[in-house]
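Chain order of the listed sequences is A and B. Residues 1 to 403 in this note's numbering are what the first sequence lists, from first letter to last. Residues 1 to 403 in this note's numbering are what the second sequence lists, from first letter to last.
Since the hints were made in silico from the structure, they are not lab data. For clarity, every value in this text was computed on a predicted model and none was experimentally measured. Some hints here could point you the wrong way.
For chains that are exact copies, the list does not tell them apart, and a pair is met inside one copy or across any two.
To be verified - Below, computed lysine to any residue pairings styled on SDA-like, alpha-carbon distance capped at 25 Å: (1) LYS347 <-> LEU89; (2) LYS226 <-> ASP245; (3) LYS78 <-> GLU106; (4) LYS290 <-> THR301.
2 protein chains.
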Amino acid sequence: MSEQPRGPLSGVRILDLTRVLAGPYCTTLLWELGADVLKIEMPGHGDDTRAFPPFQNGESVYFASINRGKRSLALDLKNEGDRKVFDGLLERADVLVENFRPGTMERLGYGYDAVKEKFPDVIYGAISGFGNTGPYRDLPAYDLIVQSLGGMISINGPEGSGGYRLGISLGDLAAGTFAALAISSALYERRASGQGRFIDIAMLDVQTMLLESALVRQFATGESQKPTGSRHPVITPFDVFQAKDGPIAVACANDHLFNELCDAIGAPALKEDPHYNNLFARYANQPALKIELEKVLAADTVAGWVEKLRPLGIPVAPIHTMADVVNDPQLKARNMFVEVDDAEMGKLKMAGSAFKISGYEQSPTRPPAPNLDEARADVMKELSLPHEEKRERVKQDPKEPLW
Amino acid sequence: MSEQPRGPLSGVRILDLTRVLAGPYCTTLLWELGADVLKIEMPGHGDDTRAFPPFQNGESVYFASINRGKRSLALDLKNEGDRKVFDGLLERADVLVENFRPGTMERLGYGYDAVKEKFPDVIYGAISGFGNTGPYRDLPAYDLIVQSLGGMISINGPEGSGGYRLGISLGDLAAGTFAALAISSALYERRASGQGRFIDIAMLDVQTMLLESALVRQFATGESQKPTGSRHPVITPFDVFQAKDGPIAVACANDHLFNELCDAIGAPALKEDPHYNNLFARYANQPALKIELEKVLAADTVAGWVEKLRPLGIPVAPIHTMADVVNDPQLKARNMFVEVDDAEMGKLKMAGSAFKISGYEQSPTRPPAPNLDEARADVMKELSLPHEEKRERVKQDPKEPLW
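The following block holds chain A by itself, in its conformation from the complex (with noise of 0.2 Å):
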């Protein structure tokens, strides 16, 4: 790659075998930070996402997505012609990352113990359900697996219920986010000593590091936290309320901006009140509150309430749909929808980078995803192998999915 550094891990090479999306997501995020990434496949099949929907152009685009950028190349590590091209990749890779069941990489004989004694200074991630070792190692992992055994579920939802889902896969996302910062270290650190590592991350681990309050309020008092709605556990109002023609959200997190609330709604009385005035009795009277404050902003809508409020400086917000969210105008004014332009599929819009760092360009492009296997010929020649044809495009059947 000749052309100017994308990011501070410019020049950093993932050799990436992971799938779906804990693992993809890890190296997506390198990728934003400048490394090249080399997408390893299964031949003939490729990643299960390839078979993902939505579809356009009888392409996935949720695969588009979470790997623009990367390159491809399908090797089988059973075979062994396949295996001298991924020895000669590993041997130039500063990274290794997969998201296999524990045991799968020893098995192909590419567990962390094999690839230390060839290459001992490759960083190997590997991102798993509940990691490489205790007494869930070996079952099957999955976000909603993840996000249940790690009590997310029972803190998400509305009050009075038994908790749902987070909307996101964030048993993925965090996971891998969690990873990327992992490698990243392990990369500076190398600088010095020269050293490979093993990166061990589980998606349950990294639920608990996101549990907030929850975790430690439960060793401390004893008491399970459970879904608060849209509220915030214990600040108050920090919730999202009753207009006129909708729900808006409103977050005064001290005494000033609530003073300033009642004042710019008309209801001066109420930061008087004593069951208000002060955060802990509005907690105690959070639904009192509550009650007082939907009276008076049934007198407005949401545009007309963000209007009037916004400018003074207190949190409000309109509760942004799918469709709202791809016309705000601070995400458009920060690039953070960028363009591909894919052979196949034709244009496609997706999330940019929310990583701003001066001195390297904020493209509003990015490559598109790699076909199965089209990095093939340009693999061949950097490792001095023979060339062999490119293999032919894996096209998904929506029909019939692969996974």
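Following the hints, position chain B against chain A.
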């Protein structure tokens, strides 16, 4: 610090001006990766979360969990003497992290341009609600506001609802994690270039990168994702079902697993039924399939099904409450609950680290969070400045929150 390196960022000095959640979470992750974190707080007041419930012996467990291991120095950046101390710290720092509203650091004379002029090698991480550019730049942002504008609320919660805030402050937590990742990658790059960077992380930008398929679907099809309860928007069955005595999570992401499930629960007819015998059919007939499965699952308890299905490799799980989470054998085996012995608060338990990296010891304990200004004598000595007496510890009165 002469002890064994705690992690790959050992030796990295973080000058930490952050408060509340997004910023302190970022520096906690960096601490867990080995960095030394010096927390700069307002004299007499300190981080607002020192007054966040729950409390143990009058001190905040919330603060304690998000600031374990850090050191604290109280500085007023408007005071000339304190600014000299701060300049001395900047000279020795590798990284500065702050999460004030954009413009605040400039008004204090410590915006990036000013810092860069004197200390060009400092990596400057700025975390804010909307970032340093764009029309929302100066608006106040809290987690709820960012979740509202970012579309997160609109896709979370029971089917048919208007959506609910996620049960965790993911706006803060994710921004802190992404900031840590950007900082770590900039540290890697700096080892080669010697160059500092300005890193501008916006909570709203980060939300956009976590929308998974909802955003690309909106762009590709114009279809706005809505809350889908506990079920996956596409994969079926991937949901929480009612068993005899409560809810159970079942995640069968492919035909193979679905067939195994049908056999194991004694409903082999389902796997042959053309309404359910492939993923697209199951997706189309999801409500009917849920009814069929719940009919069968009603025959046994959650514990009964888990005991039966887990050994068969079928991904099932009970919905853990927070009380279950703290007793989970896998999390215990993974050292995910660490102990802190605080001189004033006594023993505390909190989440450990999901960063399992070879060559670094996994300690079952953490040093406590600092008392306000506790590191003063040490820091003055390190800077060879005249020693001042340690300031008094600020005890928070929960009746009089400072925020």
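Going down the list of hints, with the structure as the test:
no.	hint	in the structure
1	LYS347 <-> LEU89	neither (32 Å within a copy, 49 Å between copies)
2	LYS226 <-> ASP245	between (29 Å within a copy, 19 Å between copies)
3	LYS78 <-> GLU106	within (12 Å within a copy, 58 Å between copies)
4	LYS290 <-> THR301	within (17 Å within a copy, 39 Å between copies)
When the structure is compared with the earlier hints, a violation turns up for hint 1 alone.
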